[in-house]
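Novice: What follows is the residue order along each chain.
2 protein chains.
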Amino acid sequence: AKMIRKFPCLVSRTFCNVGREDPRRMIHALKVGVSLTLVSLLYLLEPLFHGVGQNAIWAVMTVVVVLEFTVGATLCKGFNRGLGTILAGSLAFFIDFIANESNHVFRAIFIASAVFLIGTSATYIRFIPYIKKNYDYGVVIFLLTFNLITVSSYRVHSVLRIAQERFYTIAIGCAICLFVTLFVFPNWSGEDLHNSTVSKLEGLAKSIEACVNEYFSDSSSEIREDKWSDDPIYKAVLDSKSADETLASYASWEPRKSRYCKFPWKQYVKVGVALRHFGYTVVALHGCLRTEIQVNFGFTIIVTPKAVRALFKDPCICLAAEVSKALKELANSVRNRRLCSPSILSDHLHQALQDLDTALKSQPRLFLNPTTDQKHNHAPPPHPSSLLALAAAAVASKGGQKPPTTTTTTTNNSNNNSDNVAMPRTKTDTSALLEWKSKKDNKEGGERRMLRPQLSKIAITSLEFAEALPFAAFASLLVETVARLDLVIEEVEELGRIAHFKEFRPGDEVV
Amino acid sequence: AKMIRKFPCLVSRTFCNVGREDPRRMIHALKVGVSLTLVSLLYLLEPLFHGVGQNAIWAVMTVVVVLEFTVGATLCKGFNRGLGTILAGSLAFFIDFIANESNHVFRAIFIASAVFLIGTSATYIRFIPYIKKNYDYGVVIFLLTFNLITVSSYRVHSVLRIAQERFYTIAIGCAICLFVTLFVFPNWSGEDLHNSTVSKLEGLAKSIEACVNEYFSDSSSEIREDKWSDDPIYKAVLDSKSADETLASYASWEPRKSRYCKFPWKQYVKVGVALRHFGYTVVALHGCLRTEIQVNFGFTIIVTPKAVRALFKDPCICLAAEVSKALKELANSVRNRRLCSPSILSDHLHQALQDLDTALKSQPRLFLNPTTDQKHNHAPPPHPSSLLALAAAAVASKGGQKPPTTTTTTTNNSNNNSDNVAMPRTKTDTSALLEWKSKKDNKEGGERRMLRPQLSKIAITSLEFAEALPFAAFASLLVETVARLDLVIEEVEELGRIAHFKEFRPGDEVV
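Protein chains in written order, with my numbering: chain R, 222 to 732; chain S, 222 to 732.
Don't take every hint at face value.
Copies of one chain are not kept apart here, so a pair can be met inside one copy or by any two copies together.
List time: in silico DSS-like cross-link candidates among lysine-lysine, alpha-carbon distance up to 25 Å [unchecked claim]: (1) Lys354 / Lys462; (2) Lys353 / Lys456; (3) Lys487 / Lys462; (4) Lys227 / Lys353; (5) Lys227 / Lys354; (6) Lys487 / Lys549; (7) Lys723 / Lys549.
Hints are computed from structural coordinates only; laboratory data are not their basis.
Please take these sequences and the hints and turn them into a complete structure.
Specialist: What follows is the structure, encoded as structure tokens:
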């Protein structure tokens, strides 16, 4: 009973939402209503009816079938309907001309076999991808009209008149549709494609920033249960292929709108492809978020320690911010139909990438130390100490390259740390390093000995390769994101070139 | 001129290919031809024509429009057409009944406003997603029929007869369509969905194996230029969303085929979603292939040295083979409609994952050693030595856990190596380790000193973290692939449960 009472409420809410989401839908519905009424007048008003005749009803049918939401779709359908009717009419007339010569029975057989042949081949032709994409509706109308005229011609003996009348009324219907769609609040497929490109760019910008921020946020421990918790923003990008292609194919029917050129719908499709590829990387990046928490098939949970993440937090977030900024700038550029700000797109991004690169380069080297594994079994867990040391070392490598500086910083950091294994060693090493300093001139021979103390300190800064794996994947994907972004930028710039976007002026708003 | 001569050849080849790709298309075309001929007989044969009358032409139209490639699509369209006609007929009859009471002018106004109102609201309703998905065609037919009958009723005064005749002829047309589609070589959407699921599983199995093999192949130096060189196999998976959903919605119209239950089209859609998610990871994995070669934005090329890859080659290839095997087993299971072999799905896969895990765990730890950078500037390039040492250590960690064993193995391996830096140290360390052995009891105090020699040896096995990054990403994604595979397995098992697949018997062929 509750369900029943709720139902009308739900229906009315759905009903209203459809209009609120896109007010053009309401307008389109009114347009259809008006056109239908107009075309009905052909039949209802006495003088018009006498001009057109009984077949006025075909005009009504044409309006119902042809008038679509966007200009491109209407033009495409109208053209298909017109072409299909003309071709079918001609063919039917030709067949009627041949069949007319013969007697009644032979005529029936002839018509039936013509229907069979044309029906079979037209249906077969519809499977050809090129025809299916562009002229599917036209072939259906062709078949429909052909059968209608050919079959009727058996009993009605004024086929030419039928064909003519049908053609006229369809032409009237198409004319009304064209007028309404082109001049009364027109909706352009090209415009839709343009806007969807902008919103995809913005959506990706948002989701990549959110993704990286979430990765480095401290609250990452809250396990998210939903399996397919992918961000709907980029989900829309991934599944945009067929919608994009439909819009583009309709847009290709629309008349030129700018002074310069035809609407570059092909380039928009290319941008869409580049964006989808970008999106795949974002999905993988998003996957890292979950890998951190749950993955490894439930039998080995490898989580990169937070301290390691913290080490790379700034360059990563900075890079993500730059990527996001670049995407927003691209979105703005497309939205305002102007070329992109060259500085945003390359300088900052390169700078951020360089920073991350430096951070990664200055980072831990990989060593093998099979013994430490056993050692730590009866020692306190190795992570806190090792990671702080790592962090310290990272700071050190920025501050200066000389070992003494490194050691000092390490000591400072170790003091903040309550670890009881790391502390004594660091102190011992300081003295060892002083020894190293005094022996600095002794190059080749001394190297072996002088390396030893330095390394023993680093022994405790060990981290399992497997532990670093998820982060490495994250960083690597982030870098790949930039590479994919490069392709997106390329395609958008090409779009700007083809569509003759206006020049970028320094005064233009920059994100 | 050459183009012109080539054109007919191209056309005929395209024409033939369409039929060769899927012979059912040829059959479908013939089916349409036969049905059209049958329905034309209604008009052509004298006795039938007298029964049905002039409106026989509507039956022809119905066949052209309703007869679709698969059973589900035909049923869906036929139902929509029938429902739309009935509703529109009733409504038109009701309106005609009201309008009949009044005079001529008022009637015209009444009809026009009814057309406007119904036209507007029907068009608006088409935007509601639920309606758009299931009943779009029905609403169009409703609008068409309603307008046809209402407008005609103004001049023709036997509306009830028009409506009736139209209904009968449409029913005849639908009946012919149903008969042909259901009993003459039927094509089931559910079958298509089933087969596309199988081929997607197989395609992914192939592409993941190819991807991993290519990664570890020695010929990876051949740079592939094509930007979007994604494997078409999994590309098909990624873009399968709309096709899947269309097939599923048609499949939902098809009558039950198995003894137990309705066709579980919803579950197939879920499997499709899981496969797409799996596909995203494969794309990312494929991206690693390219990262290795060209990425990092053109300004820093980081390539994981081949030797490092070789180190993990076997477990990775093994894991990929197991993933591929599992996918093939799933494909076989779905194809033969039997439950999956439980051993393939878990045991081997887990074993392979465990192996990779062990390989990764036994592998280099991360250390920071800022000094080595400067050192190696005037030393021979660090890679060959370090990597052999790495490999040696890996073997060592498998062979035995005790430091002396490790050293021996390392020495053995170093002998195969022409490196002049690694050799002397290893020897020195052997003596150092003997010293370590004697001091073994001295736990807390001695640990510091005894670690030192061991580590100094490993100093030369250094590898930049950044260098390992691409491989880490690759390995991490491979592991994630397994996690995604788990979800695919889950969904396929659920599918098996819902669709009552037959039990797995040990005798069943196993991939």
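Novice: Now tell me, hint by hint, if it's right for this structure.
Specialist: Taking the hints in turn, this is what the structure says about them:
1. Lys354 / Lys462: both (14 Å within a copy, 18 Å between copies)
2. Lys353 / Lys456: between (27 Å within a copy, 21 Å between copies)
3. Lys487 / Lys462: Classified as both; 13 Å inside a copy, 22 Å across copies.
4. Lys227 / Lys353: Cα proximity of Lys227 and Lys353: across copies only (22 Å, versus 43 Å in one copy).
5. Lys227 / Lys354: Result: close only across copies, 23 Å inter versus 42 Å intra.
6. Lys487 / Lys549: Answer is within; shortest intra-copy Cα gap is 22 Å, inter-copy 38 Å.
7. Lys723 / Lys549: within (18 Å within a copy, 53 Å between copies)
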